[in-house]
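2 protein chains.
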Amino acid sequence: MTERLDGKPVADAIDSRTREAIRARPGPTPALVSVHRGVESPFRFYLRRQARAAESVGIRFRESALPPGAGAADLAATLRELDRDPTTHAVLLEHPLPPPFDFLDAISELRAEKDVDGVGATNLGRLVAQRSVHVPAVARAAIAIARHYQLPLEGERVAVLGRSGTVGLPLAIALVARESGLNATVILAHSRTRDLRSALAGARTIFSCAGRPGLLDRELVPKGAAIVDVGLSSVPDPSARGGAKAVGDADAAALDGWASALTPVPGGVGPVTVAELMASVVRARDLLDPARGDR
Amino acid sequence: MTERLDGKPVADAIDSRTREAIRARPGPTPALVSVHRGVESPFRFYLRRQARAAESVGIRFRESALPPGAGAADLAATLRELDRDPTTHAVLLEHPLPPPFDFLDAISELRAEKDVDGVGATNLGRLVAQRSVHVPAVARAAIAIARHYQLPLEGERVAVLGRSGTVGLPLAIALVARESGLNATVILAHSRTRDLRSALAGARTIFSCAGRPGLLDRELVPKGAAIVDVGLSSVPDPSARGGAKAVGDADAAALDGWASALTPVPGGVGPVTVAELMASVVRARDLLDPARGDR
Chain R
1 MTERLDGKPV
11 ADAIDSRTRE
21 AIRARPGPTP
31 ALVSVHRGVE
41 SPFRFYLRRQ
51 ARAAESVGIR
61 FRESALPPGA
71 GAADLAATLR
81 ELDRDPTTHA
91 VLLEHPLPPP
101 FDFLDAISEL
111 RAEKDVDGVG
121 ATNLGRLVAQ
131 RSVHVPAVAR
141 AAIAIARHYQ
151 LPLEGERVAV
161 LGRSGTVGLP
171 LAIALVARES
181 GLNATVILAH
191 SRTRDLRSAL
201 AGARTIFSCA
211 GRPGLLDREL
221 VPKGAAIVDV
231 GLSSVPDPSA
241 RGGAKAVGDA
251 DAAALDGWAS
261 ALTPVPGGVG
271 PVTVAELMAS
281 VVRARDLLDP
291 ARGDR
Chain A
1001 MTERLDGKPV
1011 ADAIDSRTRE
1021 AIRARPGPTP
1031 ALVSVHRGVE
1041 SPFRFYLRRQ
1051 ARAAESVGIR
1061 FRESALPPGA
1071 GAADLAATLR
1081 ELDRDPTTHA
1091 VLLEHPLPPP
1101 FDFLDAISEL
1111 RAEKDVDGVG
1121 ATNLGRLVAQ
1131 RSVHVPAVAR
1141 AAIAIARHYQ
1151 LPLEGERVAV
1161 LGRSGTVGLP
1171 LAIALVARES
1181 GLNATVILAH
1191 SRTRDLRSAL
1201 AGARTIFSCA
1211 GRPGLLDREL
1221 VPKGAAIVDV
1231 GLSSVPDPSA
1241 RGGAKAVGDA
1251 DAAALDGWAS
1261 ALTPVPGGVG
1271 PVTVAELMAS
1281 VVRARDLLDP
1291 ARGDR
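Chains R and A supply the protein sequences, listed in that same order. Per our numbering, the first sequence starts with residue 1, numbered consecutively. Per our numbering, the second sequence starts with residue 1001, numbered consecutively.
Extracted from the complex, chain R is given alone in its bound form (with noise of 0.2 Å):
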C-alpha cells in the first residue's frame, strides 16, 4: 500500500504554532499585502487562499490590484510604498508575471524582511549563503510534510526533480544546507536530465516540482522510494467546476502499491504552502519590530 500524506494535519499544525506566535507576543497585528494585476490569473485561486488562511489564523490581510494598464514603473511604486509603509509587514506579489513586468526587478524593491515568499534575489542569495531571512513557501512547505510523515531526509538521498528560481532550485539548497539541519545529499534532476531514470535510481525521497502531469510513473520511480508533489498543473475535466482540475507531477493510480508513500495533489502541499506563507508573515513582523531593530 502506498500511504497517502495529506497535507491537512501538517497545514493545521502550523496554523497552530502561528497562533500560538500572534498570541505570546505582543505588538501590531501582522499585515499581508498582495500585490497582483488584477486580472483573471492563477494567481487569483491562491489569492482567495490567502485571505482565508489569514483570517483563520489572525493576520490583517488586504489585496492591492494595480489599475488597467498599469507598467512596471507603476508596480515598482506600489512596491516602494509598501516597503515604506510601516503598517505592512510582508509583501506578496503575483508569480509569474508576464511582460512589460519583470518579476526579479519589481520584488527587489523590497527589502528582505518584507519578501515574505523569499523569492527577491536578496533573499535567495542569504539562503546561498546558509544565513537565511524567508525560505519561500513551498520549500518549507515541501520538507514540512515530508518531515511530518518522517520520510527519508536528514543525512539521505533524495531527488529534486526542477531548477526553477523559485521552487526548485530554493528547495534543493534548503535540503542540503547546514543550516536546516537536514544534510541531505540531493540529485538535482531536471526536463534535460539524460536518463531520468537511472539519476533517480538510489533516490529515496523525490521532491518533484517538474509541472508535468504523469511524469512520475513506475517506469521512472525506484520501488518503495517516497514522493513529495510539488507539481501543480490544471488539466481539462469537463466534470470539474471550471472545466479544469489540478493535478501534480505523479500518476497516483500507477504508483499506487508501487511508492511507499504519495502526497495527493490537490490536498498535499499546497494548503501547506498557504500555512507556511501565514508562519512568515508573523516572522516578518518580528523582524521588523522596532524592538529587533528595523533597518
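FYI, nobody ran anything at the bench for these hints, they're computed from the structure. No residue lacks a Cβ here, since even glycine has one placed at the ideal position from N, Cα and C. One thing to keep in mind: the hints can contain errors.
Claimed, not checked - Pairs of lysine to any residue, SDA-like flavour, derived with a Cα cap of 25 Å:
| hint | chain 1 | residue 1 | chain 2 | residue 2 |
| --- | --- | --- | --- | --- |
| 1 | R | Lys245 | R | Phe45 |
| 2 | A | Lys1223 | R | Leu196 |
| 3 | R | Lys8 | R | Tyr149 |
| 4 | R | Lys8 | R | Leu196 |
| 5 | R | Lys223 | A | Asp1195 |
| 6 | A | Lys1223 | A | Pro1264 |
| 7 | R | Lys245 | A | Leu1196 |
| 8 | R | Lys223 | A | Pro1264 |
Unchecked claim - Computed beta-carbon distance windows for the label pairs:
| hint | chain 1 | residue 1 | chain 2 | residue 2 | range |
| --- | --- | --- | --- | --- | --- |
| 9 | A | Arg1147 | R | Pro99 | 27 to 35 Å |
| 10 | R | Pro266 | A | Pro1009 | 51 to 59 Å |
| 11 | A | Pro1266 | R | Glu3 | 49 to 57 Å |
| 12 | R | Pro236 | A | Gly1267 | 57 to 65 Å |
| 13 | R | Thr2 | A | Pro1264 | 47 to 55 Å |
With the hints as your guide, set chain A onto chain R.
Frame of chain R; chain A shown alone:
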C-alpha cells in the same frame, strides 16, 4: 593513463580574451581594489597573484588594507566609499574573515556590479534566479577548465562535493542552470553524505570542493571519471618554502591510471580562477559604464 589538465593554457586563453576586451572598448581602465585586514593570511598569497595578473592584462589594481584595530564599522565604511567611488569598478574582499567581521554583511555594502566575485547576497540570489550579474570566479574557473578539456558536462551527470555558499553551491547552481547552457544533472554531496562512494557512482565528472586532502581515491571515485579538483588545503612540508605546500582533495598518485583526467593542485583551477576574476573586472567596468546605464 590519467590525463593531467593543466590550468595554464586555460588561464592564458581567458587572459587573451580579457586583453582583447580591454583593447576593443574605449573607456576608463578597469580598476580593481582588494580589501583585506593587512595581516598575514592565506589571502595574502592570492593578493600577490591578483596584482601580477592585473598588471599582465592591463587592469589597474590596488590594495586597501584596514588599519590595525579596525572593526566591522570601519570595514563597512571602506566598502561604502569604494561603492561610491566612480574610479573603482570592482572590489574584492578577503575571505574568510574572522570575527568581529561579518563577510556577508560587509560585502552587501557593494552594489552587485562591483561585487566582482559574486559572493554577496544579491549576486548569489541572481544566480539562483538565473539572471546572474557576477558568478564566483572559482565556479567559473572550474567550469572553464572542464569545458576547455571537453570533460563530460552538458546534460551529463556530474557531482559537486561541498556545499559552501561561496564555492560548492554556486558551482552546483551554475552547472544545472538553463542560463549557462550546461544543463547538467548535479549530485550535491558533502561531509555529511552517507555512503559517498555510492552517491558518486553515476558521476562522469566530479568537482571536488571539500578542502580535504586525499579524500578522492580509488575507493571513492568511479573508474574513468574526470576530476576537477577545486579543493585547496595547506599541508606541512619541510622541504617547501614556508614549510607548507598546497594540495587538493585528490590523491593523485592513487588515482593515476584510474581517473580519466585530473586537474593538478597547484596549477589547475587556481590560475584559472585568477584569470576569471580579471575577466569579471572588465565585465564590471562595462556594466558600470554610464553609457550602459550606471545606477
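So which hints don't hold here, by number, going up? Hints 4, 7 and 8 contradicted; others consistent.
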